Amino acid sequence: MLLQVDEVIKRFGSTLALDCCSMQVEEGEVIGLLGPNGAGKTTCIRSIIGLIPIDEGSITVFSQKQDGKNREIRRNIGYVTQEITIYEQMSGRDNLAFFASLYGMDKLSIANRIEEVAQIIGLEGRLDDKPKHYSGGMKRRLNIGCALIHSPRLIIMDEPTVGIDPQSRSFILRFVKQLARDGSTIIYTSHYIEEVEAVASRIYIMDNGHMIAQGTLPELIARIQGDHFIEVEVRIASEEKKLQLQQLPDVKEVALEGNRYRIVVPGGIPVLDKIVLILSEQGLVTINTKQPNLEDVFLTLTGKQLRDEVQS
Amino acid sequence: MIAFQLKRSSRDLVGHTVLILFPLALIFFFDYLYKNVNIETGMGMGGQSPITALVIGFALTFQIYGSAISFETLAEDLYSPMHDRIFSSPVEMRSIILSILVSSTLVSFLQTAILLVFSSIILGASFPSLPFVLLVLLVSVVFNQLFGTVLLLLTGGVKTANMVTTIYGSIVPMTVGLYFPLPKGEFFRLLRMYGSPMSLANTASLAVMEGQIRLFIICLAVLLLLIAVLFFCLQPLIRRISI
Chain A
4 MLLQVDEVIK RFGSTLALDC CSMQVEEGEV IGLLGPNGAG KTTCIRSIIG LIPIDEGSIT
64 VFSQKQDGKN REIRRNIGYV TQEITIYEQM SGRDNLAFFA SLYGMDKLSI ANRIEEVAQI
124 IGLEGRLDDK PKHYSGGMKR RLNIGCALIH SPRLIIMDEP TVGIDPQSRS FILRFVKQLA
184 RDGSTIIYTS HYIEEVEAVA SRIYIMDNGH MIAQGTLPEL IARIQGDHFI EVEVRIASEE
244 KKLQLQQLPD VKEVALEGNR YRIVVPGGIP VLDKIVLILS EQGLVTINTK QPNLEDVFLT
304 LTGKQLRDEV QS
Chain B
4 MIAFQLKRSS RDLVGHTVLI LFPLALIFFF DYLYKNVNIE TGMGMGGQSP ITALVIGFAL
64 TFQIYGSAIS FETLAEDLYS PMHDRIFSSP VEMRSIILSI LVSSTLVSFL QTAILLVFSS
124 IILGASFPSL PFVLLVLLVS VVFNQLFGTV LLLLTGGVKT ANMVTTIYGS IVPMTVGLYF
184 PLPKGEFFRL LRMYGSPMSL ANTASLAVME GQIRLFIICL AVLLLLIAVL FFCLQPLIRR
244 ISI
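Residue numbers (my numbering), protein chains in the order written: chain A, 4 to 315; chain B, 4 to 246.
Heads up, a few of these hints could be off.
Here are the simulated lysine-lysine pairs, PhoX-like style, with alpha carbons at most 25 Å apart [as the list claims (entries may be wrong)]:
1) A:Lys-135 <-> B:Lys-10
2) B:Lys-187 <-> B:Lys-38
3) A:Lys-277 <-> A:Lys-244
4) A:Lys-110 <-> B:Lys-10
5) A:Lys-110 <-> A:Lys-142
6) A:Lys-245 <-> A:Lys-293
7) A:Lys-133 <-> B:Lys-10
8) A:Lys-255 <-> A:Lys-244
9) A:Lys-110 <-> A:Lys-133
10) A:Lys-255 <-> A:Lys-245
11) A:Lys-277 <-> A:Lys-255
12) A:Lys-142 <-> B:Lys-10
Because the hints were derived from the structure by calculation, they are not lab data.
Since we're looking at a predicted model, the values are computed, not measured.
Could you put the whole structure together from the sequences, leaning on the hints where they help?
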């Protein structure tokens, strides 16, 4: 076991940030960590790295107890922060060299490794430019490169694609997949369900400070296999109608995204006529039933829609 | 690590320009006043020419503002998301703080040295016992950089540290008599000579140029003692922000 988080509790004053949070990661796995804002993902990650002390429970990384002072653990973790944390006034090469030096690498190894990392993140030829002249995507890639420079055993990526264009995003996803193929162990948090679906071999879903579900994608979908998912698009949607739908006895969850209602109902229960009745005044455009995906799992388990969290 | 921090500190061209050109302009201005208007400087310069006393006075004044080099750099690393990036590595907080302090001290001392060289070439200022004068100026730089760092770690914010050093850098030169003479009397003499770390550095510099070795040693020793006090204050502050 590369990482074991056992019943961890972390409080910030009266706020319970981690509530008996548990997690296991095996060598070579890519773990997707999903959860709405405030679910405790970043607190969980910071506890694993040892940046914040925990109140109860235990964390074991590389078979060593994480007490916040264990330098050996930190030496083997690469942390990609959610915010871009690079020195904009220093060149890409200087940034990579500086972060490598924090891990005690010698000059020759740094020089060699910089070239390798530059290739991985697609910044060869731009390393001597300052990041202030980079695009947002290039800065994100350098941000990731700085966490890979010391060849960590465990890479933790906290929302690594926030705020970048689709091309850069797909580039980053491609090289995360490549890292996974090369045997890296990765914890990947994201608001983008499709990213987690694309890269993760196993997924943890977190809400209100604890892990509410974990498993491979098919395993998670199997948990809600009995449910049906109905999408109804209307001309004018309203929160009032959403509430009315939620009050129907056979409806498990309702989410509103733009003009589209996403409704979870137990399989085999004829409820479509009631839904249509409620929404008929809204101007029905389309009605679809569909196979569940990770987003539906998330909606069913948390009652929340991840995309709304991003927008809020 | 120090090489990186030096490179990083040297990138602030606007800051360097302000900290070199502004004191030079002020030295030009006050030198012009002393040459053309019948007023006295209050620096108690003994046998030194007004321009020499002015250069030392303004160099010391702008060293106070130069303390921002370290505390602004430190704030960028300690009080921003960069904190998590740096301290997810095995590096100790002490190493980061010391490397920034050392590089900022070198950069600030270089600014002072440039000021002295310019004043010497352009304005004809002369500095007898130059190595000892430079020693005092270096000790003063160390004090100011440490002072700014302690202030930052104590208050936890760059705004307060900036405000305090700005107020300190505005008031203290007046107590040294840099801008105008202080009233006569023992209290003001003591204030001018020993009333603040800047006064001590100023007195030490002028003393060594005049051959008053005892006074030079006393002032320098007190400055070193103050540095030791700040250094000891730094230890618990570093522990406080480390986990």
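Hint check results:
Of the supplied pair hints, the one linking A:Lys-135 and B:Lys-10 holds, its CA atoms being roughly 16 Å apart against a limit of 25 Å. Of the supplied pair hints, the one linking B:Lys-187 and B:Lys-38 holds, its CA atoms being roughly 23 Å apart against a limit of 25 Å. A C-alpha spacing of about 12 Å is found between A:Lys-277 and A:Lys-244, which places the hinted pair at or below 25 Å, so the restraint holds. At roughly 17 Å between alpha-carbon atoms, A:Lys-110 and B:Lys-10 fall within 25 Å of each other, so this suggested pair holds.
A C-alpha spacing of about 24 Å is found between A:Lys-110 and A:Lys-142, which places the hinted pair at or below 25 Å, so the restraint holds. This hinted pair checks out: A:Lys-245 and A:Lys-293 have alpha carbons roughly 19 Å apart, not beyond 25 Å. Between A:Lys-133 and B:Lys-10, the direct Cα distance comes to roughly 13 Å. Compliance with the 25 Å bound is thereby established for this hinted pair. Between A:Lys-255 and A:Lys-244 the alpha-carbon distance is near 15 Å, which keeps this suggested pair within the 25 Å criterion.
Restraint check for A:Lys-110 and A:Lys-133: the C-alpha separation of about 21 Å stays at or below 25 Å, so the hint holds. Distance restraint check for A:Lys-255 and A:Lys-245: the Cα-Cα separation of roughly 12 Å lies within the 25 Å cut-off, and the hinted pair is therefore satisfied. With a C-alpha separation of about 14 Å, the suggested pair A:Lys-277 and A:Lys-255 falls inside the 25 Å cut-off, and the hint holds. Restraint check for A:Lys-142 and B:Lys-10: the C-alpha separation of about 20 Å stays at or below 25 Å, so the hint holds.
Comparing the model with each numbered hint stated earlier shows that all of them hold.
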